[in-house]
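Chains as they are written, first to last, in this note's numbering: chain R, 1 to 480; chain W, 1001 to 1216.
Keep in mind the hints are simulated off the structure, nothing from the lab. Where a beta carbon is used, it is the ideal one built from N, C-alpha and C, also for glycine. Some hints could be false.
[Claimed, not checked] On the chain W side, residues computed to face chain R include the following (Cβ under 8 Å):
hint	residue
1	V1031
2	P1034
3	W1098
4	G1102
5	P1137
6	G1141
7	L1169
8	I1184
9	G1203
[Stated by the list, open to error] In silico lysine-lysine, DSSO-like type, Cα no more than 30 Å apart, as pairs:
hint	chain 1	residue 1	chain 2	residue 2
10	R	K42	R	K31
11	R	K39	R	K27
12	W	K1017	R	K114
13	R	K298	W	K1115
Residue strings, one per chain:
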Amino acid sequence: MSIAGHSQAMFFQARATAQVRNAGLQKTLKKVRPLFVAKRAKGVVGLVEDGFDIEELRGACAAIRRRVVDDLDVWLEIFEERASASGAEVLWARDGGEVARLVVDIAQRHGVTKAVKSKSMLSEEARLNEALSAAGICPVETDLGEYIVQLAGETPSHIIAPAVHKTIGEVESLFAEAHQRPLQERSSADIPAMAAEARAVLRQHFLSAEMGISGANFLIAESGSAALVTNEGNGRMVTTMPRVHVVITGIEKIVPTLEDFSTLMRLLPRSATGQSISNYVSLLTGARGANESDGPEKTVFILVDNGRAALAGSDFAEMLRCIRCGACMNHCPVYFSLGGHAYGWVYPGPMGSVLTPLYTGVENALDLPHASTGCNQCGSVCPVNIPLPALMHRLREIQNERGLRPWGERLALRAWAWLAGRPGLYRWVSRRIARYLRWLADDSGRIRVFGLAPGWTEGRDLTPPPGPTFHELYAARKRA
Amino acid sequence: MSAREEILQRVRGGLGKGDLAGRRAAAESLVRNPVHGPQPRLDADLTRRFASKARYLASSVEHVDCLAQVPTAVARYLADQGLPLLAVATGDVAGFDWPGSGVEIAVRVAVDADKTGISGCFCAIAETGTLMLLAGPQTPGSVSLLPETHIAIVPVGRIVATMEDAFALLRAEHGKLPRAVNFISGPSRTGDIEQTIVLGAHGPCRVHLILVGENS
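Please construct the entire structure, taking both the sequences and the accompanying hints into account.
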């Protein structure tokens, strides 16, 4: 299993425990969560002021994406034809390993020694940086957050804010070491200076790299273009300065027309950062024309499956609508208790809890579909109406169907089902349990130690049931 | 089997639909007759909307009556910012009376040393306060990207309401997309260190818009 090979999702509980105990991380998460939520809320207010109905817009965005996913084969062919006709080369990759081989091959054929990268989560799926380095090609991440994460030798902990887990002090020590300068005392007031430092260092990489590697927020079938959305301008740099541009993108990223793209752009930035539009939105089509003086001489699209095609027409096809805005994790109580690294693979938060088992194998990410409170905050903010909790429930069912749950849990559920099918016995047992729980409570009416499963009362007290069971009350009422 | 064939076959197997030709025709027809999504309700004064949104996104905005006044406005802005009266410019603004204003321009691709880039725009979008620039032989993208200061000339007659309107204009005037369409909304920014927004990431740190024409 090449995909599951680098997933750590099976160690979710151990990783989660470590993150909960990481005081610095917890402080950062606590600070950031209200910012993310408030930004999107403000973005939605802006839409309403312009006369939009947010639910109507979400419905329209979901419909656009559904149209593509429902006929994905056809849209892929249309995109491929039009992209080729515009002068780009279109390649296909079955998995991450094939992506890495194709990129290394293109780099070697064009004499590339350095590649500047704009943020691409798919390149994380393919572990592209490792493959490039192994081939003697230097990969440089240019999104500031990705750059920080690369210097730290880590992976992103959030899909749009990759270094959200890093404190200013940590960034300072990384910069001091990488830029070979003395360590300084830093406060929030120094953040502009630190950003300027990264700008100066990365500028030289933009000017010297022979290859630019980017993802695509969307592929536009009508024109065969890649759409790239960034705030820092690194997306424009990567696709303007080097002589070769490689776009790595999932096969599901297509939208039919420029009008559809316009509709999606009303929700993508607002869902992600609350912005009405990101600073830079670029549509890239073909390669540099004969009389043009900048832009890449060669443009290559790599359309990647890596588990996506298997979702077409399945119970999980709705997940293919995802536009990678990050709103689900920004509103997730589990994500903000743990941070992104607990999830153990490329995608954290609710979308990761669905995608990781689907892309790396249900048996390789058993805890993720359970890393949910079922609150549906994710589902209610998703710009393309993906029912994330329902998909997590379906994954739990599959675990059960395939006998992947622990025997104790399976036995307990079977016993429950047996009991629930016998109403008389069920009532008798629930009366006994209610009485037992009341007997466990102390004078103040709290259960301090829960005899059968003491773990439940390790960090909290339980409240006993207040009185007779529902069936007892109902029966008494009928008699009266 | 090639990766392409294998992936398409996997998708088709999952979808379980036949009638490839019929589905293809339906998709092509959708491309020929694009559907508009929900549209904003904007005030009729698009110039005011554009200017206020652009200012909100941290661009500075000024208004002159006619194109002839642009070079002196640029000279004044550069002097106010303490910048040299020297800039790289795109071909669409090369014909202005720059010598008369004292601003020296070079019409070429931008290089790292350029402090200021001056460009026109294809059009501008009122809904979001966004510039739409097309890269081309006369209008290299680097001019609006490498210099720390980007000055854009925006004729008010080229301000449209929405991105959809901008695409309609593009189809009408050019037929197809150029190599790069760049939508620019203010100076570049990053929030990647402790979620604190800083202006001036990799692109320009300052964007100055000179609106040209009626209704100032």
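Consistency of the hints with the structure:
With its C-beta approaching chain R no nearer than about 5 Å, V1031 of chain W sits inside the 8 Å limit, and its interface hint holds. The restraint placing P1034 of chain W at the interface with chain R holds, with a minimum CB-CB distance near 4 Å, inside the 8 Å limit. Given the 8 Å rule on beta carbons, the hint for W1098 of chain W is violated: about 20 Å separates it from the nearest Cβ of chain R. Interface restraint check: G1102 of chain W against chain R, minimum CB-CB distance 27 Å, threshold 8 Å, status violated.
For P1137 of chain W, the suggested interface contact is upheld, since its CB lies about 4 Å from the closest CB of chain R, less than 8 Å. Because the beta carbon of G1141 of chain W sits about 5 Å from the nearest beta carbon in chain R, less than 8 Å, this interface hint is met. Checking L1169 of chain W against chain R by beta carbon gives a least distance of about 12 Å; that is not within 8 Å, so the hint is violated. This hint holds: I1184 of chain W has a C-beta 6 Å from the nearest C-beta of chain R, less than the 8 Å allowed.
Among the interface hints, the one on G1203 of chain W holds; its C-beta lies about 3 Å from the nearest C-beta in chain R, closer than the 8 Å criterion. Distance hint between K42 of chain R and K31 of chain R is fulfilled; the C-alpha atoms sit about 18 Å from each other, no more than 30 Å. With a C-alpha separation of about 19 Å, the suggested pair K39 of chain R and K27 of chain R falls inside the 30 Å cut-off, and the hint holds. The hinted pair formed by K1017 of chain W and K114 of chain R fails the criterion: a straight-line CA distance of about 44 Å is larger than 30 Å.
With a C-alpha separation of about 29 Å, the suggested pairing of K298 of chain R with K1115 of chain W holds against the 30 Å cut-off.
Checked against the numbered hints given earlier, this structure breaks hints 3, 4, 7, 12; the rest are met.
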